[in-house]
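Given two chains presented individually in distinct reference frames, assemble the corresponding complex, making use of the accompanying hints.
Residue-level listing of the chains:
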Amino acid sequence: MSTLFLQQIANGLLDGVYYLLIALGLSLIFSLGGIVNLAHGAFYAIGAYLTVVLGPHIGFGGAMFVVPGLVAILGVLVERLLFQRFYRSDPILSLLLTFGLAMVAEQLLRMIFGAPPLSYSIPGWLRGQIFLGDFIYSRYRGTLILIAATCILALWFLLNRTAFGRVVRAGVQNPDMVGALGIALPPYMMAVAAIGIGLAGLAGVLLAPIYSIHPAMGQEIITPAFVVVVIGGLGSFWGVVAAALLVGLVKGATIGLGYPQFSTAVIYLMMLLVLLFRPRGLFGERIQRFE
Amino acid sequence: MSAFIRPSRRGLIKAAGATALLGGIGMPGISRAQSDVLRFGHLTPRTGFLGPLGEFAVMAADLAVEEINAAGGVMGRKLEILKEDSVNPQTASTKAERMIERDKVACIIGEISSASCLTIAQVAARTKTLYVNTGGNSDALRGANCNKFMFHVESQNSMYVKTCGRSLMQQGLVKGKKWFSLTADYAFGHDLLKVAKRFMEANGGQFAADKLVPTDLTDFSALLIEIRNAKPDLVISNLAGNQITNFLKQYSEFGLTFPVAGFGFDTALAWAAGKDNFGGTWPVVWHHLIDTPNSKKFVQAFTAKYKKPPENQAWGDYLAVKIFAQTMNEIKSTDSMKIIEHWEKGATFDVMKTREGYFRKSDHQMMHEMYTVQAVGASAKNQWDIFSSSPAVPAANESLEVIATTAEENECKMA
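As they're listed, the protein sequences go chains A and B. Those letters in the first sequence? Residues 836 to 1126, by the working numbering. Those letters in the second sequence? Residues 373 to 787, by the working numbering.
Looking at chain B on its own, in the form it has when it is part of the complex (with noise of 0.2 Å):
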């Protein structure tokens, strides 16, 4: 569209004026803020396929630093939040540079997007800033690409296929089993893929057929046909954002009848196909259902705020907030280096589930427990309870890495 556009000096001018208004009115107000508040930096997708998570997310940020600063703010001073629409990598990289530039942010956080996760991580480095990823699962931000500014609330792929494949090993749906697999055609569902089939080979499986699905269709009808041609063991789906309930709400239409099971996943999407489509198997970091104390206080206060229970993509930006405010109180300091080396030493947080989480020094990603859902089907008490879950993987007796990737599979090496 921009290039029908043509600026008129008059435009030009006023755009001009207008903003260096807005500049000497916004700077004063900055450098008179800064002894007695503490900024925070929130990116995130908020519109286009990703926006519907990122709403979650802004949420759970607000309700974290509200809750922030009722108990105190963080080192006696009043914690802030910048927020802003992080659109694309490029838009997330200058949004990113801007903020600690200019803004002085302590630190970002937030982002869905893989590709927005690197070119942050990217301006966290040069700017010595530390920056903590809570939705990019891609393995090569915590292999290829780890960085020693870059931390990870949310799970890796691995941890989400390994997760869903242990609950699919104990129902026998993988030894010698075919999978149809459709996947997202860019790089998560590529990576994804990739994660995949590696346990799907290791584990004695095979596929019967291996589709990429653009991001852009809608209709699903034409590859369900071939489904039911195909006649798999399990239909495995590597697909991400709106094509989840779109492939969802189709799968129930046409009454196909086998298994479904999924290695990417949003409690959002479940509840968009609602409970006469949802189906399957999925892994999840974190639903509204998990009993745990802090668990239930935290989807108590969030229902209370926004009159619907939290989307597991809240459970990563609320906790990576509180996360930085609880390390800053005990550290009494706001540098990042300290942080780091803080965090590297295997510093321990609750997060909301049975057992606490830490980062991993190798590659910075939290190790925590996961869980996998399955559909409840019409017994749903309400529009938002649709499914079971399993519990928390690995095993209380197991070590939490045991999900996660080994060195060899994914290789970090940090500068």
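Chain A on its own, in the form it takes in the complex (with noise of 0.2 Å):
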């Protein structure tokens, strides 16, 4: 093999860590209250345009704390005036509401930002380059990486490590149950929109200076988060840590042999077959009341 191709592999790898950061919290969302929640994107670039209108106010840095805490507690609104009514009802239900939602708000930040796209760059200090031998890789992407796997591994421990996370996990399995043994889970719903949403409003922090920042950014990336999603297995963390990565292999893979026009295509191919022979994902759990 090529050190190309062997670049190509290891760049899509990194690649797909983009995804989780928004796989991950539209996993947790469907897992616990049963919604497919089609408006995750927008979440995504209303963190992206909160980066570019604070970012000159509180610096990058600050936007990275300061951005998915605002769209957190704007996660825990829509949840409670919204989702709350639709954890119980038919899934269909549910997803008109989101894409609706997607809709209004992708056309309320054109009407408050206008339809051109805004400019956002890479700050000073995250400028340059990593070389390794023959791998190039940008600094700000090395940066981007590590603190997505830090809040992914954040989010593992709280969902497997912590008491917290055993009611959201016992949730996700068995409701009622939870329920007939004295624990609310409303509080716990909020808690998992508010992260969920949050993690997509870091996305849209770090990828601002990296992506184009437009109204319509977040129907760009729902699809693949979805798709990663669906191939990883519903409620499977590491499922959808893995599929993300597949999915960036594949892609990497696909460029690197010199198909750069499949490369979009080719996750979607991966889906339909994950679909045809494993509906449950690769890593899917058998959750009782979806069954």
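Since the hints were made in silico from the structure, they are not lab data. A portion of the hints provided could be inaccurate.
Derived contacts from chain B toward chain A, CB cut-off under 10 Å, selection only [claimed, not checked]:
hint : residue
1    : 625
2    : 650
3    : 783
Sample of chain B residues facing chain A (criterion: CB under 7 Å; computed from the structure) [as the list claims (entries may be wrong)]:
hint : residue
4    : 588
5    : 614
6    : 627
For each label pair, taking beta carbons as the anchor points, the in silico distance ranges come out as [claimed, not checked]:
hint : chain 1 : residue 1 : chain 2 : residue 2 : range
7    : A       : 985       : B       : 462       : 45 to 53 Å
8    : B       : 672       : A       : 974       : 57 to 65 Å
9    : B       : 672       : A       : 924       : 50 to 58 Å
Beta carbons: idealized from backbone N, C-alpha and C, even for Gly.
This is the structure we're talking about:
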């Protein structure tokens, strides 16, 4: 194998990490509340726009902490006012709700900030490249991966090693039993929505310096993120992580082999294969109430 | 999504009732206003990946109408413009038809997508109504698909390629040089690639690589690695819309230093990339720094009204509305056939550049000057003036037609 091809594989793996911040929140909200949040991309877009607005005042570093918090608060409002009413109803209804919400959010961004894309650059202290032998990588992306990896590990710890996580995991499997044990699930639902949506906000901050910031940017990311969740298996933490890396790897290999024109189509092909042969996803858990 | 929606009977009755009501209210208004109001139809994408440019088109058309009415309207009548989001080629043609049949517009103006230009032009030909294309670049619209009722204010792909190509020749980046080309994988990109390849081969260049890029690809890192590995003499972009912004931002992020040039471009995309990231040589049909009295007046009026300078797409729609009004006032008629006759005879127009422009009879393409812009980098005064301009192309002593397609390159047989 040529070093160029190896570079493409490595770059692809890293590429997959960008989807993870979005995909994990999507999977979390679905597995606990049964809501496929098609508006998840909108929160990512709002995160990016807030970065453009607040960045000049609080700096990129400040935005990294403040913006996800603001987006999470917005998430709590949406959860309390809207999602909550749909946890027990037909998933089609929440699908329509969040689809509409995504369109409303996109149009609001267009009305407030205008349709032309806004500019935002990598802060000076994160500019530059990293060279490892033949391999080139941007210093900014290196930092981005570290931040994303830290968030992912923290989320795993929260879900698997804390009392909070135990209730959430039990709630995923059997909400009625959790209720019978005297634990009120709604505050947990709210916290999960805040975390999931806050992560989407963080993704917006992190990708604002390297991607085009425009009202429809949420739509752009929601589809591949959703594909990652489907491939990985709903409700499986490591399944989603593995799927994100796999999607990145296959994309990298496709470009490495000289077929960039198929690089986005190939992930949908993967989803098709998974749905045909393993509909629950690669690592999908059995969730009683969805069976 | 629509598969999930099952309209209830009550919903259907409500919708039907509402439509009937709207129709009842709307129709008398239109017939009453007919005598003292003249209508133009304006169609352009306002959502989707061309939406950002469409917004400038709409703002400019509004400004033009405002100025025309302030100066007494068209043949003493007040000018009104009906504006709609063209969405996609099918919707564009449906809306064009409705504007012509129901709203009795005198002409249709607009578009950015070449595919939608084509469907609108078919409606225009069928209903014998004039259509002026302000943003579709494909050569085929002026060649195989040309038609008597369609004129083009926007330049064709060949004009963009030959304009930028001249600058590349001067920089010594063509003869014997290797190009790494990235092309948007849809009709516009393919058409542009064909023209770019013809230019490159005719002038002694060759491809180091020639890659098609899906329009929904946002991450260029993998392609940047390929470019770095291929060590080309020049990186060529035949990309479109947000792809260009994403590419410029990430090209700067990876610190690659090969010269960059593109054959399709809009200034809004450079503004979105920002002065830290914008780089390379790019062709434009017009830009806000052109130093002619009328261009400055337009920029001033636009900036006063909208608090930002006009993008090159604004120029096309502003100009098309103005040209229609000027022509109708001059020949004292709104009749399509009379306007075509007038334009085909070689009427000239102030196009806010150093020379006047005119529609070429053979393919209805507006002959006018073009420019290339180059990034000025950190020395930019503000977020808008981030490029400097070449002198007008072609030069003052040359025919305006030297950058356009020849009859052999792009044959147009008008019915």
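We went through each hint and held it up to the structure:
1. 625: Nearest chain A Cβ about 5 Å off; hint holds.
2. 650: 9 Å, holds
3. 783: 30 Å, violated
4. 588: Nearest chain A Cβ about 5 Å off; hint holds.
5. 614: It holds, given that the least Cβ distance between residue 614 of chain B and chain A is near 4 Å, below 7 Å.
6. 627: 5 Å, holds
7. A:985 x B:462: 45 to 53 Å: About 48 Å separates the Cβ atoms of residue 985 of chain A and residue 462 of chain B, which means 45 to 53 Å holds.
8. B:672 x A:974: 57 to 65 Å: Violated: the Cβ-Cβ distance is about 42 Å, outside 57 to 65 Å.
9. B:672 x A:924: 50 to 58 Å: Once the Cβ atoms are compared, 56 Å apart, the range 50 to 58 Å for residue 924 of chain A and residue 672 of chain B holds.
Comparing the model with each earlier hint shows violations of hints 3, 8; every other hint is respected.
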